[in-house]
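Asks: Listed here are the chains, written in short residue letters.
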Amino acid sequence: MKNKHYENRLGITGWLGGGRWGVERYLYILHRLTGLAILGFFLLHIFASSARMYGPENWNAAMQILKNPVLKVGEFLVFVAFAFHALNGIRLILIELGLAVGRAEEPIFPYKSSINNQRPLMVVAMVLAGILIAFGGFNAFFMSH
Amino acid sequence: MKETAYWTWFIIAAIVILVLAGLHMVVMHLPALGVYNPASGAATDWQNVAFRSQHQFIAFTYIILLAAALYHGLYGLRTIVFELGPTKAFQEVFTVVLWIVGLILFGVGAYADLAAKSVGRVL
Numbered sequence: 001m002k003n004k005h006y007e008n009r010l011g012i013t014g015w016l017g018g019g020r021w022g023v024e025r026y027l028y029i030l031h032r033l034t035g036l037a038i039l040g041f042f043l044l045h046i047f048a049s050s051a052r053m054y055g056p057e058n059w060n061a062a063m064q065i066l067k068n069p070v071l072k073v074g075e076f077l078v079f080v081a082f083a084f085h086a087l088n089g090i091r092l093i094l095i096e097l098g099l100a101v102g103r104a105e106e107p108i109f110p111y112k113s114s115i116n117n118q119r120p121l122m123v124v125a126m127v128l129a130g131i132l133i134a135f136g137g138f139n140a141f142f143m144s145h
Numbered sequence: 001m002k003e004t005a006y007w008t009w010f011i012i013a014a015i016v017i018l019v020l021a022g023l024h025m026v027v028m029h030l031p032a033l034g035v036y037n038p039a040s041g042a043a044t045d046w047q048n049v050a051f052r053s054q055h056q057f058i059a060f061t062y063i064i065l066l067a068a069a070l071y072h073g074l075y076g077l078r079t080i081v082f083e084l085g086p087t088k089a090f091q092e093v094f095t096v097v098l099w100i101v102g103l104i105l106f107g108v109g110a111y112a113d114l115a116a117k118s119v120g121r122v123l
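Taken in sequence, the protein lines are chains A and B.
Letter 54 of the first sequence, counting from 1, is numbered 54 in my numbering, and no numbers are missing.
Letter 13 of the second sequence, counting from 1, is numbered 13 in my numbering, and no numbers are missing.
Excised from the complex, chain A in its bound form (with noise of 0.2 angstroms):
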């Protein structure tokens, strides 16, 4: 297929702005925010565990630094980003197989919107989502490990 180039007018706002879509299109969004948040984390933990194979010394100085509570908080974040990001994936895994969207039907008039028929899915996605991070938070701030 020809690869042609489109003009984005909106830039950036285009991007971030849900305008009359539905929540799926904010789900969008915050796929598209939380999958660059754990790629930044992603690439500082590459190097940030690259220290064990200087020894147990470096390893335990990288340790020490990461026991800081604020540090402690923003791994939370980055697993509740996780979290959504991995459940709402799956959603929109599902929805590319064309599973939970319904049946392809003809277009008959007052027609019918598959965002409908996959916000069953949305939801459950959701609720499994929020009690992952609910789970993680306890589990990061009430378990001593």
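Think of the hints as simulated: they come from the structure by calculation, not from any bench.
Beta carbons: idealized from backbone N, C-alpha and C, even for Gly.
Take these hints with a grain of salt, some might be off.
Said to hold, decoys possible - The following residues of chain A were derived to be distant from chain B, with all beta-carbon distances above 12 angstroms:
| # | residue |
| --- | --- |
| 1 | 10 |
| 2 | 18 |
| 3 | 26 |
To be verified - Under the rule of at most 35 angstroms between Cα atoms (straight-line distance), these lysine-lysine pairs were calculated in the DSBU-like manner:
| # | chain 1 | residue 1 | chain 2 | residue 2 |
| --- | --- | --- | --- | --- |
| 4 | B | 88 | B | 2 |
| 5 | A | 112 | B | 2 |
| 6 | B | 117 | A | 72 |
| 7 | A | 67 | B | 88 |
With the hints as your guide, set chain B onto chain A.
Replies: Chain B alone, transformed into the frame defined by chain A:
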């Protein structure tokens, strides 16, 4: 690589990450379960780290997870940037840059994984 191939690998990488990062979370954040944490205490205690560093399966999954996460993350970044409507020339250069950055980071992470294996064995 064709866009469809890029995208298919992106989805495959997502599934790999779901499985391996899930395992990584259990190992690192639920040490009480004792999964790849033979010594009592935190998953980041050196005895546990040295044990995992020498473990063939963990060392192998770390490299697979590293590759999958880098590919998935950098392809995601590429998609976001392309949605902002850059020119075709910029898209091509950006793709090459991401490949180079990704391969360098993969080299760093994989080297650390293999080097840690020998450190864990010596100590």
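Asks: For every hint, state whether the structure bears it out.
Replies: Checked hints:
With a least CB separation of 9 angstroms from chain B, residue 10/A falls inside the 12 angstroms interface cut-off, contrary to its annotation. Distance check for residue 18/A against chain B: the nearest CB is about 15 angstroms away, which clears 12 angstroms, and the non-interface claim stands. Even its closest Cβ contact with chain B, about 16 angstroms, leaves residue 26/A beyond 12 angstroms, as expected for a residue assigned away from the interface. Between the alpha carbons of residue 88/B and residue 2/B the distance comes to roughly 15 angstroms, so the proposed pair stays at or under 35 angstroms and holds.
Between residue 112/A and residue 2/B the alpha-carbon distance is near 34 angstroms, which keeps this suggested pair within the 35 angstroms criterion. For a cut-off of 35 angstroms, the pair hint linking residue 117/B to residue 72/A stands: about 27 angstroms separates their Cα positions. Distance hint between residue 67/A and residue 88/B is unfulfilled; the C-alpha atoms sit about 45 angstroms from each other, more than 35 angstroms.
Figure legend: structure checked against the earlier numbered hints; hints not met, in rising order: 1, 7.
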